[in-house]
Amino acid sequence: MRTKRNIFEDIDWILVVLFLLLCAFGWSSIYAATYDEMHQSIFDMSRNHGKQLLWIGLALIISLTILLLDNRFFETFAYPLYGIAMTLLLGVLIVGTEIKGAKSWFVFGGFSLQPSEFAKFATALALSKLLSSSENAFAKLSSKVKAIGIILLPALLITLQPDVGSTLVYLSFLIVLYRVGLNQWIFILGFIAIIVFVTALVLKQYEWEIGSWLLSGKIAFMISFTLLAAGVYYLLRKVRGALLVTAISYVGIIGYFLSVDYVFDHVLKPHHQNRINELLGIVSDPTGAGYNVHQSMIAIGSGGFSGKGFLQGTQTKFNFVPEQSTDFIFCTVGEEWGFLGTFVVICLFMALIIRIAWLADQQRSTFTQLYGYSVAGIFFLHFIINIGMTIGLAPVIGIPLPFFSYGGSSLWAFTLLLFTFIKLDSERKYVLR
Amino acid sequence: MTKLENRRMVIIAAVLVVGLIFIGRLFYIQVVDETYVTSADNQALRFVTKYPARGIVYDRNGHIMVDNQVAFDIMVVPRLIRDLDTLQFCNLLSIDTVLFRERIEKARNYSRYKPSIFQKQLTADEYARIAERLFQFPGFYGQKRSLRIYPDSAAAHVLGYIGEVNRKNIEADSFYRSGDFIGISGLERQYELDLRGRRGQEVLMVDVHNTVQGKYDDGDLDRPAVAGKNLISTLDAELQRYGELLMQNKKGSIVAIEPSTGEVLCLVSAPSYDPNLLVGVKRASNYKLLVQNDSLDPLFNRALMAKYPPGSIFKLIQALVGMDMGVINENTGFVCNKALVGCHNHPSCRNLRQGIQMSCNPYFHQTFKRIINRGTSKNYFEDSALGLAEWHKRVSKFGLGQRLKLDLPSLKSGSVPDVALYDRIYGARRWAFSTIYSVSIGQGELEVVPLQMANLAATIANRGFYIDPHLIRSVRAEDNDSLLNFQRYETDIDTSFFSPVIEAMQWVVEKPGGTARRARTEGITVCGKTGTAENPHGEDHSVFIAFAPKNDPQIAIAVYVENAGFGGTWAAPISSLMIEQYLNGTVQDTLKQTRILEADLIAAEREYEDET
Chain Z
0 MRTKRNIFED IDWILVVLFL LLCAFGWSSI YAATYDEMHQ SIFDMSRNHG
50 KQLLWIGLAL IISLTILLLD NRFFETFAYP LYGIAMTLLL GVLIVGTEIK
100 GAKSWFVFGG FSLQPSEFAK FATALALSKL LSSSENAFAK LSSKVKAIGI
150 ILLPALLITL QPDVGSTLVY LSFLIVLYRV GLNQWIFILG FIAIIVFVTA
200 LVLKQYEWEI GSWLLSGKIA FMISFTLLAA GVYYLLRKVR GALLVTAISY
250 VGIIGYFLSV DYVFDHVLKP HHQNRINELL GIVSDPTGAG YNVHQSMIAI
300 GSGGFSGKGF LQGTQTKFNF VPEQSTDFIF CTVGEEWGFL GTFVVICLFM
350 ALIIRIAWLA DQQRSTFTQL YGYSVAGIFF LHFIINIGMT IGLAPVIGIP
400 LPFFSYGGSS LWAFTLLLFT FIKLDSERKY VLR
Chain D
0 MTKLENRRMV IIAAVLVVGL IFIGRLFYIQ VVDETYVTSA DNQALRFVTK
50 YPARGIVYDR NGHIMVDNQV AFDIMVVPRL IRDLDTLQFC NLLSIDTVLF
100 RERIEKARNY SRYKPSIFQK QLTADEYARI AERLFQFPGF YGQKRSLRIY
150 PDSAAAHVLG YIGEVNRKNI EADSFYRSGD FIGISGLERQ YELDLRGRRG
200 QEVLMVDVHN TVQGKYDDGD LDRPAVAGKN LISTLDAELQ RYGELLMQNK
250 KGSIVAIEPS TGEVLCLVSA PSYDPNLLVG VKRASNYKLL VQNDSLDPLF
300 NRALMAKYPP GSIFKLIQAL VGMDMGVINE NTGFVCNKAL VGCHNHPSCR
350 NLRQGIQMSC NPYFHQTFKR IINRGTSKNY FEDSALGLAE WHKRVSKFGL
400 GQRLKLDLPS LKSGSVPDVA LYDRIYGARR WAFSTIYSVS IGQGELEVVP
450 LQMANLAATI ANRGFYIDPH LIRSVRAEDN DSLLNFQRYE TDIDTSFFSP
500 VIEAMQWVVE KPGGTARRAR TEGITVCGKT GTAENPHGED HSVFIAFAPK
550 NDPQIAIAVY VENAGFGGTW AAPISSLMIE QYLNGTVQDT LKQTRILEAD
600 LIAAEREYED ET
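From first to last, the protein sequence lines are chains Z and D.
Take the first sequence: its letters are residues 0 to 432, numbered as in numbering that gives the first Met the number 0.
Take the second sequence: its letters are residues 0 to 611, numbered as in numbering that gives the first Met the number 0.
Source of the hints: derived by calculation from the structure; they are not laboratory data.
Treat the hints with caution; some may be incorrect.
[Unchecked claim] In silico negatives: residues of chain Z with every beta carbon more than 10 Å from chain D: (1) 43; (2) 205; (3) 250.
[To be verified] Derived coverage of chain Z by chain D (criterion: at least 3 residues anywhere in the stretch with Cβ under 8 Å from a Cβ of chain D; other residues may be distant): (4) 69-80; (5) 172-179; (6) 261-275; (7) 296-306.
Positions of the beta carbon are idealized from the N, C-alpha and C atoms, including for glycine.
Chain D extracted, bound-state conformation (with noise of 0.2 Å):
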């Protein structure tokens, strides 16, 4: 019997061997290897993105000029999928099988486990019709997103647009994740990290039928997205409108600012286009179309990237650097030289008023000329170069050659001449006023964009100082404005010199023999200036600056109508009805309106083009 007693000992380690190797394989599926959470957690937890409601934008009366609508994206996490009826979830989503496999492939392709976009962007309509039939199909959930809405379909420049965020994106800024939208232009872009708020996620609890059980951890892990900041525009909505519809069959610009805060009060780059194009789905196919088929480039912005000869108005600019030289006074006068430089028949001018008045181009050419050469050093050559450093140094205080700081992204400097310039195209010391003289009518090397053309309207109002010119006045977070600040900046050219020239200005205007007499406006003082800038590819461009009242100038304005001819013709009635419209809030003078509204200038630019 002893051998049968040792078999209890055999029994015993039999238990005892078991029970290790349980213990042993415990402890390797439970400590070593990790697998077994990752797993766990993908199949049991939903991590749910909470997006965040971008910022909305309103004008500078409060009404809404970019809103959210609610969107919904159907997810889908490849692994959850369970017994799924392909037909029937096509034709609840109404796309075919095969674009339903390609989806389903590329989803796999970047995870099996963590939830990609399976459709995009189904309106709220949409997916209500769907959400109730979703459960049914375990892996599909619709996640809430925001899409943008712009009521006035208005402004698309200055707004921009928003896109999801690409590869360059993520890598650039570790806040962003595949399915993120980003500004991708305008105040979009530029005021991004205000609008853009902060993603929250809920961690929810799934059962085996994908159907959520609660929150996890009862929510510790829970975050709440955090809304983006809303932004308070400058821009008159109903102004911005207007300058839209006035500029419709044209090219050119519109800029309107408020002189004494700079506050950008309209932006209008025409043609335009319906910013609600590029939202959501149809944005790439639209964009496309946008880019490729239209000859007209809508979306370039031509009041912030536009370079053009600013042409007469730059007459104003001419004067009072003159008389701050010292080398005029107002009533220094000029004959109408014409062997000079080619001018209109007119009366000579007395004095400056009338120069400016009439735009007169032998009076500025001698003004530029005494402004060149003054004698400072023996050499002519020499003196030019010193002349012009002046010039130089005076014209840049006005904000041109130099990129304002306006709160947009691509914005251009444009370019005044300067001493480097001319001595790297003809070499130094081989270029005199003769080589340099059309410079002294706004023509020559001289580019500005239409945003500095308003800028020096608001300068002139300002009498000798602008502040930067921007488009936000200030950032809301919940009900909190922080103000934004701006620089002021002086053309230190004495305040004196401004009153002949805006004297004149308003001469223009209203004066037989005034260049704009169609900016006329019944009970307004307009001041302005005309500029028809020489286009060797055809019509002339039709400029025209000014600024209302004349005494308390609430609007500085310049408008450009591309190849149109005088500026007397086009560019001042519209910018009489503008600033009409701003002052008085209507217009009465319907009869220019309609002139204006029923100008098709593109029309006739393709038959001046057909005829060349």
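Just chain Z, with the same shape it has in the complex (with noise of 0.2 Å):
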């Protein structure tokens, strides 16, 4: 093994280059949103861009830090970060400054730290190092059962504080498990769940009157669905067994159907129960739990073609938008920069994700290729969270915009887990295994 002369020597520019334009984009949408005419220096401390911009420069320094440390360092420090980060969760339930209904801060003077994002980053770590601590781990049983351990003790502790955006983001290790061999058939199920979740919801609210009879939406489901399954009996009444799997689908899929109500009903909070409800459209309140998705999209949607021009924005300088600076960030550029500001930030976001997926694949350390698939899974989850949230895709979820939104944890975190990867990817060449 060569050593190497400088530690820029074999990292990956294009990932680099990326990370520096979503931050500049990042800031000056933060820079936009919180503009006014009394505060302009971009230094003022008292205001988030100013702020921001002092996060940066300490995500420049923790990056810079992370090239310099020997990369063996992550992998083997993988549990013993792990078992910090835990604590910490541990901890801040315990000693944690509630912000807005959740337990999820360390608050030192006025500083303020969110350890789960951090989080995140142990739990990558510790996972990729699981799953290739020998061949094809994840095959034996008891591997199955440490990894989803390890996914769900940091989920359930975000779970306690309760911060369900955060705990969600712990499904992006999904994509992971996925690549090293998890059964498709659970995405499979998981995809029909979400669909017939959905039909059962949106069908609850229809009633059709044929003659003197009511038929309402849930009856005429299960009719259709009853005559499905017999039609796919009859198809595969060859086959052996079909009886049995369609029988058992069957009951299944009418059962899960039937307790969709229950679930929404009393398992569901009541702003839960509002989210997907106007989100799936069948309440629609642009005053109440609307409101949000309702002034994001008339901030995007005015934002025209081209944008209504740098610090023009008064949909999101003008608070209508709540959250402008931190969940909300992504509206600040469609008022804006218009379509073609979104259209990049879209198309930045996927190549960074794409670029870390691929680069993944090329790695001969298993451990690198497994973390980068982590590293490329959180922001996926995040991406689709919350720009799909702004535009009335995904129900609201107050989880950041990696490098757009205001906040030194996040950035710090995203930058952790982004030049982690950098740093482990630019010793590929010298990996052998």
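Join the two chains into one complex using the hints; note that each chain is given alone, in its own frame.
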């Protein structure tokens, strides 16, 4: 093994440039969102854009530090780092400060830190280490259980804060599991479950009058599904065991279908119910539950093709859009830069995620490969949920848009995730395995 | 493992699919669907209309007759109402919740996004009291307006009034928008285009709390309001006020004109009303009161619209036309033959001057007979028609039987009978002098409005011409006066014929036996002519026209007092007081003045009606 002459050798410049572009675009959006004539200085530390500039500076220091570390550091200390992260998650539940109804923050003086952001990083390392410990590790049941445990433990601790958004991020590790061989039927069943769930909720509001009979949407669904199952069985009647499979699927889906109402009404909290109802268009309440999304879409929609121009946005700047420098930062892009701007941002994110996934597959080290998929998955999930929510395609779940949303913890966590991958990737040629 | 290798393509495909869905969705809401742009503008931009100050009206001496006062409308944008404490808001505006709901409902029906007026025209004081708390109620704001104020409470009929535009106005002229003011009558209507100015607008950005955040687009879309042009009137506010005072408790009108220019010095129609009654929110209810509950019809402008028989003042025209047609001269005498037409007792008139001085009816009966029957045709009827045509041509040149070009709407033309009229009434060649003789003394089919009488006085004072009577001398925009042009009309009657008439008019006032001795005024040579117009419905109308001073006429005047009796009794002294007031700036003869001020001819009229 030969030693590297400098830390920038062999690093993937495409990822670095994408990172810098996203940070720059993100910061200018925060500047625009918080801009007013009184505080024009970009270094004004009383404003979000001023602080974010400081956070970006610190992020650059973090990225350089990572590049200086030995590449074996991450694999070696994967479990201890995971242990520290879990301790912090436990600790935040005890001594954390409650902000907006969730105990997610450690506050030191004027400075606050969100451990759940870093737990993603630690979980990615631990999961990758576990699954790379031996050839085809995921095939073993014990590894499967351990892997799921590694993912569920932080998810559970974060749920206790409670912070449903950050919990959902742990779904992104499914991509890693998928890549190492998780049965695809799980995804297909999950997909069917979502479809049935949505269908059940949407159908609930329909009723048809047929003669003197009142046909509710629910009954209609069950009748058509029964006919469908009968048809499927008829087609497969020659295949052995067809009756059993069809019967089980039929009972399972009908049972699930009937339980949706109960789950929706009794398990989900009212504000979750509202957000789902709003998303599915079951209720429309632009001043209540739908206010955020309604305003967000007005802001983005009013940008038109080329936008209103930098600092010319009215919806984002004048607080019509809530959380406009954090969760809804994408609105500023949409309003001020129009479709051209949103198109560029979407493309930058797609390029980032695909580049990471692509590089992950080039790795000779399974650890780096799986870690790469973890990072791609986490970015992908944030991308889907955050942008999807601002344009009314996903429910409102408060998670940040990587490198865009205001906030030190999330920015550093994303930087940590990305640069650790860049560092591991830069050693690709020197790993013999 | 190859099977698992394929899964990386699935992952990349998933990223691409999600990205493309996002791009498609963004393309739809940003480029295709335009409703979001509207929603955004409606909630973040506030289009504030800047209402221009309406032009001010000055009198001939620079005294303000119509001014503006600031008022505020409370506007509402239903879409922006948020967390409204209805009760508190109602208390602030001193309205009840029922009215509140009604108005909100009305505003919603109009538009949820556009501002509409919630409460009209609070005075500056009222608004100041609530302004500092208004910001607590998102969706509501104050809009500055300007209302009219009439410092003298005078000249209501001339100045007219303004009101909000109706749908017809908006359809007729796209300049107007709902809530704008428009002149409805009088000068306000006549000079609407000059007075209205131009609306401006200001586009402000407001935040979610409806707090103004600055100008949109650095004020590029803003337009300042352009104030209306000011009008310089020919009226003498003091004379106008004095005329209205003299006419209190009387029905009729006073019109005074400066003969050399055609400038109307005063235009009084009695009874009148306080123009301030028709301002702002009280307008509708007060208007109703004035129209419905007042049998004297104070909104009716008698000076321009009341058609009266001129009575004996018409003898001046008969004299002039007779001389011009060569059928009499200044020395022509006629016996006062009461068999022809009734007359009062007076010595015989040996010449024209005496005919006028004593207002002898038979004198002008015979004059008119000579005008009509000149023997130009052997056929008696034909001859009458030819004579009347000649007469009509000359009389018309005095501005009678036609609408004078006064700058006010709703001016009546009156009428001077012509051949066609009598042919229509009696049939062609079925009428002659004996049918129409009452015209000779200003009765019959003659109809004249008071303005035309004053114009007649001015024409005689000018010895043969008049200029378009007018109320506005110039239009002033930013201290630049643009003078208006007025036409001069000749009567084509030789100037020399006016001398005996004018001299006779002086005798009317000054000589024993003159019919208007009450018009004599210390130090001023007043020339006048009385009239007593027959009124089949009650007491005769009292008429007087005059001008003064004789040799350099400054003022020509007509006074018409309904149901008051002889011209010399009421109309003549009122005229002389007006002349004295105008020429001397004050009135010496307080006895005469008191007599007029104390007279209540309306009450007298009511008694007369009760008796009959």
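Return the numbers of the hints above that this structure violates; sort them in rising order.
-> Result: hints 4 and 6 break, sorted rising.
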